[in-house]
Amino acid sequence: MSVNYATAAVDKASVMRGLVSKIRVPLGSEIYNRLLETLYDEAAALDERRFDDWIVMLAEDLTYTAPVRVTRNGPNKDRDVMRTMMHFDDNYASILMRTGRLAKSAWAEDPPSRTRRFVTNVRMAECETAGEYEVVSYLYVERSRLDNPENETTSCERRDIWRLADGGYRLSRREIIVDQSTLGMSNFAIFL
Amino acid sequence: MLQKATFTLADGATLDDLVIRDTNEVSLRVMNDHELYKLEMERIFAKTWLLLGHDTEIPKAGDFIVRDMGEDQVIVTRDRNNEIHVNLNVCPHRGMKVCTAETGNAQAHRCIYHGWAFRPDGSFIGAPVEKEKMHGNQREKSELGLKKARVRLYGGLIFATWNINGPSFDDFLGDMKFYLDQLFCRTDSGLEMLGPPQRFVLPCNWKIPGEQSGSDGFHTLTLHRSLMEGGIMGGTAESIYDNAPGMYGVDVSVPQGHSLRCLEAAQTFKMFADVSFEGKTTEERLNLLPPPGVTKDLIPQLFKNLSKEQVEQLATIPPQVGGMFPNILLAFIFAPRTDGGSSGALALHTYVPKGPDKVEFVNFIFAEKDAPEQVKRDMLQNAIQQTGTSGIIEQDDADTWPQIMRNSRGAISKTMTLKYQALHGHERPDNWYGEGLLYPGFTKDDTQWNWWLAYYDLMAEA
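One line per chain: the protein sequences are A and B, in this order. Going by my numbering, the first residue of the first sequence is number 1, and it counts up by one from there. Going by my numbering, the first residue of the second sequence is number 1001, and it counts up by one from there.
Keep in mind the hints are simulated off the structure, nothing from the lab. Quantities reported herein were computed from a predicted structural model and do not represent experimental measurements.
Covered, in the sense of this in silico footprint (three residues per stretch, anywhere, with C-beta under 8 Å from a C-beta of chain B), are these stretches of chain A: (1) 89-103; (2) 178-191.
Looking from chain A toward chain B, a few residues come up when the C-beta cut is under 7 Å (computed): (3) Val-68; (4) Val-70; (5) Thr-71; (6) Arg-72; (7) Asn-73; (8) Met-82; (9) Thr-84; (10) Met-85; (11) Met-86; (12) Ala-106; (13) Trp-107; (14) Ala-108.
Virtual Cβ for every residue (Gly too), placed ideally from N, Cα, C.
Use the sequences and the hints to build the structure in full.
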C-alpha cells in the first residue's frame, strides 16, 4: 500500500497531510463519481441508521481510527495529530460489536440521535495496489439529541482507502482527523 | 454529632438543606446552582489534592503539559533537576496565559503579550529590555514568579493542591493507600500513560460524574445492560436481576470520600473460563488470572513491591473500579477480547468543572511500563473501546448525566432529592486484608453517601 501512516514521526506525532499518492483521480471521472456516490450512500446509511447496509460497505481488514489532536506551538505546531491516543481504535470485529450493541441496550443512541453527515472537499488518488483508492473528504456532522434544540456538531477530515471488490467499493482504512482538541460532542456513539 | 454549616445561599438554603444527613438525601438543586458552584471552586478545587497527569507524560527536562485545577489552569513541568512543578498559567504581569500550547518542551516560558519569561520551576527570569527594568521598581524578581502549587507524586501520578499548609497527601489518601498501592505501586517501573488524554466536554455539573465515581456499582446493572447482554458481567441479559456476579464483592471507602469496588477474581474467572480457584496458592491464582493489566512476567514484582496482604488481595479480590474525591474515576478492569489479546484496560478520568453546567471529561489511559509492546497496544484498544469518548460503557453515562442536570433546573424538580438510602452499614468481612469502611455483599449506596459526607466536610470549612 502506498499510503504511509507512519506513527514514528518526530515526537510520535505527524504533520497533517491529506493525500499522499500523486496519481490523482480527476474530478468528474467515472471512478471519482462512483466513489463519491459511495461516500454519499455511506452517509445516508449512517444517517438512516441502516447499520447492516453500512457493514456491507466495510472490508474485513478494516482499520478505523481517530487520533487525538493537541494544541502545540513553535517548531512542533503542525505536529498535532497524536497517534499514541485515539478516540476510535477499531477494526471490523469491533465495529460489528458496536453495531450489535446499538441493536440492543445502547442508551447513548436509544432514543437515537438525528444526524446529518455533510461530505465535501473530496479528493482522490490511486494507490499502488490496483483497485485501491485513497479518498480524502471533509465531514461535518449535525447531531440532534433528544429534545435539545441545540445540535452537537463536529468537523473532521477522513482519510480513507476504498477497495474495488464484487462490483462495489469497500472501506479498508479510515483515519478520522478531528479538529477539536477537546471535543464538543458528548460521546462518539455515532460513526464518523 | 451534626455540625453547623457555614454558608447560606441567597434564598436562605444552608449546606444542611442541600446534603440532608438525617435522611441520606441530597437536594437535586446542587446539580446546577451558580452560587454553590462558586463556593465549590473555593472550598474544594482551590483546597484539596487534585490529579493532573502522570510523570511519564513529561519524561525530559523542560517537558510540560497544561492541565486544569478546577477553572485554574496550570503548567506542569519537569526541571533540570528532574523535579516536577505545578505553576499557575497566569502571567503575574497582565494576566495572559504564559503557555498557549497543551504540551511541549521549553527551558523558558515566555508570555507572548509583553515577554515576561519564567523557568520551568516558575521563577521569573525577566522582562524584555532589561535596562529599562520593565518589571518595575516595587517588587523584587523573586516575588514575580508564577504562583506555585504544592506537588506530590504518587505512583507517578501528579497531584497538586493550592492548600500549601493543608492536609498532607498521606492524610488525603488515608486508609485508601493500602488498596491504591495495589493499582499504582505494584511493579518496579510502574505505570505508563500511553498517550495524551482524550478530552471532551459534557453539558452537566461536575458532581454528577463525581458522585457516580464514589463507586456506584448499582447503575452497572441497568445503564450498562449492554455489558450483561455481551456476557461481560456474567449471566445473561435475561437473568441479570437473579444472577449478576459482578454486583457482589466488597466495597471499600474512607471518610475522605475515596472508594473502590473489589470483585472476586474467582467470580471474574468463571465469566471467562470454567476453571476453579479452589485449593490454589496465591501465586497459582495470580498466574491463572493476573489482575487487570498485569502480565505473567510481572507477577514476581508484585511480591517485591507489595505486602503479603496486598498481593493476597490482588490474587483473590482485586480492586477494579472506584474513585477518589472530588473528581477522579478509576477503572482497572477486565475487558475480555475474542482474539486472544491482552484483556486489561486501565483508565483514570478527571471530571474538570467548566462552569456550573459544564464538565470536561479527561480520560487517561495506562499500561504497565514494562509490559510488552503488543500488550500495551491491546490494552490501549481495550480502554478506547470500553471507556471515554467512544467507549461502549461510558457513552451511556455521558448521555445520562446531562439529563439529570437539565432536571435540576425546574422549580419543582430542583426540590426533589437524590436518595442514598440503600445502605448496608460498615461490616468487616472475616480475614479481610486492609482497613477502611468495608461493605461486603451486593453493591449499595454507602460509598457514594460517604462521598457526599466528604463533600459536606470540605464545603463546611470556610
